[in-house]
Amino acid sequence: MLSVLIPVYNYDIRALVKILHEQLSSHNIDFEINCLDDYSQENYRDLNTEIENLKNTSYQISNANNGRVATRQTLAQQAKYNWLLFLDADVVPKTNNYISNYIALISSEKDAIYGGFAYKPKPPKDHFILRWTYGKSKEQVTAINRNKTPYKIVISANFMIKKEVFLELNSQITQRGYGYDNYFGALLKHKQYRVFHIDNEVYHLGLEANETYLSKIEQSVETLLKLELKKETLDSQNSLFNTYQFLKKIKLNYLFAWFYKVFKNRLKKNLLSAKPNITVLQFYKLSYICYQDLHA
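Mapping the sequence shown onto our numbering, position 259 (from 1) lands on 259, and the numbers just tick up by one.
Hints are computed from structural coordinates only; laboratory data are not their basis. Accuracy of the hints is not assured; some may be wrong.
Claimed, not checked - Pairs of lysine-lysine, DSS-like flavour, derived with a Cα cap of 27 angstroms:
hint, residue 1, residue 2
1, Lys275, Lys138
2, Lys251, Lys152
3, Lys120, Lys136
4, Lys110, Lys189
5, Lys216, Lys226
6, Lys264, Lys138
7, Lys261, Lys226
8, Lys261, Lys249
9, Lys18, Lys80
10, Lys268, Lys120
Computed from a predicted model, the values in this text were never measured in an experiment.
Throw the hints in and build the complete structure from the sequences for me.
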């Protein structure tokens, strides 16, 4: 009935898998938990092999680092069941009803169901605060609001999807990189697949350091530009990309690109501080995409 699939890279997944296994075992359903390690460091591989002691659970190790998209594709191809539940390795279910909430919708007419993202209330240490602040502001969104624009906040760290739908769409992502969730959402919309959001969050535990996360943001912007260049952006609900295209249309992208060139260090100083401002981050992303578009 349900294949739970977890791509792994340099993370201890034992606690997550144990929680999922306990919740799944409490239901009278066929299930499997398959984890594919994308060639982690040896110490993580040694720890994670412990999960194979659990019934219906497997832990495979790739012989090379293939990237998240390819790892998910392999997991989906190997899955036994028609519904796939994807989780990232660095999350944990928020409630004891996590699996129950998804199982209740398996018989629905939806094609993909997104549970949502959450962050612990207590702020992390200052050098992890940017990821936490952004997540609390932009990713921790109720299902009511997510369903207003169902293809916009499609976070791949926690969603259930029909196997044939995932294989069709994920196979169209041929590049490695950060920021392809937006493209996956655009593909869902383009194909008119039925997406539904519920309040069934996981806590995001694996916060990146401020500098690392800012670099990933820049990578996600560059991904959008690559997709635009290849005419693969489709009809997106991504606010950043749509605003950028509007600015480009009215020629204000030159002004934003100039602003990035002149003020980028000041913007970064705020974003890497103990109190990053999300409005500054949004402006940084917008000016950065305009700058990269003109200087690529």
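For each hint, the structure was consulted:
Simply put, Lys275 and Lys138 have alpha-carbon atoms about 16 angstroms apart, close enough for the 27 angstroms limit, and the pair holds. Taking the CA atoms of Lys251 and Lys152, the gap is near 26 angstroms; set against the 27 angstroms cutoff, the hint holds. In summary, the hint linking Lys120 to Lys136 is supported, as the alpha carbons are separated by about 9 angstroms, within the 27 angstroms threshold. Our distance criterion of 27 angstroms between C-alpha atoms is met by Lys110 and Lys189, whose separation comes to about 13 angstroms.
The suggested pairing of Lys216 with Lys226 holds, with an alpha-carbon distance near 15 angstroms, which does not exceed 27 angstroms. Only pairs whose Cα atoms come within 27 angstroms are accepted, and Lys264 paired with Lys138 is accepted, the gap being roughly 22 angstroms. Restraint check for Lys261 and Lys226: the C-alpha separation of about 21 angstroms stays at or below 27 angstroms, so the hint holds. At most 27 angstroms may separate the alpha-carbon atoms for a hinted pair to count; Lys261 and Lys249 meet this at roughly 21 angstroms.
Note on Lys18 and Lys80: the hinted pairing holds, with a Cα-Cα distance of about 20 angstroms set against a maximum of 27 angstroms. Between the alpha carbons of Lys268 and Lys120 the distance comes to roughly 25 angstroms, so the proposed pair stays at or under 27 angstroms and holds.
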